[in-house]
Amino acid sequence: MGEFIKVLGEVNIGKEKLNIELNRGIDDKIIHIQNDKIRYECSMSEFKKIASAIIFAKENLISYKRIDDDNNSFTQA
1 MGEFIKVLGE VNIGKEKLNI ELNRGIDDKI IHIQNDKIRY ECSMSEFKKI
51 ASAIIFAKEN LISYKRIDDD NNSFTQA
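First residue of the sequence shown? That's 1 in full-length UniProt numbering, and the numbers climb one at a time after it.
FYI, nobody ran anything at the bench for these hints, they're computed from the structure.
For every residue, glycine included, the Cβ atom is placed at its ideal position computed from N, Cα and C.
Treat the hints with care, since some could be wrong.
[To be verified] With a cut-off of at most 30 Å between alpha-carbon atoms, the simulated DSSO-like pairs for lysine-lysine come out as follows:
(1) Lys-37 with Lys-49
(2) Lys-17 with Lys-37
(3) Lys-37 with Lys-15
(4) Lys-17 with Lys-58
(5) Lys-58 with Lys-15
(6) Lys-48 with Lys-29
(7) Lys-29 with Lys-65
(8) Lys-49 with Lys-29
[To be verified] DEER-style ranges, computed between Cβ atoms:
(9) Ile-54 with Gly-25: 17 to 25 Å
(10) Asp-36 with Asn-60: 28 to 36 Å
(11) Glu-16 with Lys-65: 20 to 28 Å
(12) Ser-63 with Ser-43: 13 to 21 Å
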């Protein structure tokens with residue numbers, strides 16, 4: 001466990017809300033993605049890879065499903 005620095009944000013997955021926290025570890029800064037049921041710890045570089053993959057997947061979903069990103073609704077083909 002590291003020293004808490006600040007909350008970076010939160011994300012909702014289904015009915016679960018997860019906090020994203022920046023912490024200071026022994027050697028480097030670490031990220032905790034957590035709530036009262038689960039905690040995932042990763043390095044800053046791992047977090048950037050995960051975040052990039054999620055953003056890429058979202059963009060692909062919007063493109064494939066023809067979703068209007070402004071209101072998350074489907075558009076007619």
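Subject >> Pair hint outcome, Lys-29 versus Lys-65 [Cα-Cα no greater than 30 Å] >> reply: 37 Å, violated
Original post:
Is the distance from the Cβ of Ile-54 to the Cβ of Gly-25 consistent with 17 to 25 Å?
Top reply: This hint holds: roughly 23 Å between Cβ atoms.
Original post:
Between Lys-37 and Lys-15, does the CA-CA distance stay at or below 30 Å?
Top reply: Since the Cα atoms of Lys-37 and Lys-15 sit roughly 12 Å apart, the hinted pair holds (cutoff 30 Å).
Subject >> Pair hint outcome, Lys-58 versus Lys-15 [Cα-Cα no greater than 30 Å] >> reply: Between Lys-58 and Lys-15 the Cα gap is close to 19 Å, so the pair holds against 30 Å.
Original post:
Honestly, do Asp-36 and Asn-60 meet the 28 to 36 Å range at C-beta?
Top reply: 32 Å, holds
Original post:
Under the criterion that the straight-line Cα-Cα distance not exceed 30 Å, is the pair Lys-37, Lys-49 satisfied?
Top reply: 24 Å, holds
Original post:
For the pair supplied as a hint, Lys-17 and Lys-37, is the alpha-carbon distance within the 30 Å limit?
Top reply: Cα-Cα ~10 Å, so holds.
Original post:
If you draw a straight line from the CA of Lys-17 to the CA of Lys-58, is it 30 Å or shorter?
Top reply: Status holds; Cα separation ~18 Å.
**OP:** Given the hint that Lys-48 pairs with Lys-29, test it: the Cα-Cα distance must not exceed 30 Å.
**Re:** Given pair Lys-48, Lys-29 holds - Cα atoms ~13 Å apart, limit 30 Å.
**OP:** Starting from the range 13 to 21 Å, see whether the pair Ser-63 and Ser-43 falls in it by beta-carbon distance.
**Re:** 30 Å, violated
Subject >> Agreement of Lys-49 and Lys-29 with the hint, judged by alpha carbon distance not exceeding 30 Å >> reply: Holds, at about 15 Å.
**OP:** Could you tell me whether the CB distance from Glu-16 to Lys-65 stays inside 20 to 28 Å?
**Re:** 23 Å, holds
Of the numbered hints given earlier, the model fails hints 7 and 12; all others are met.
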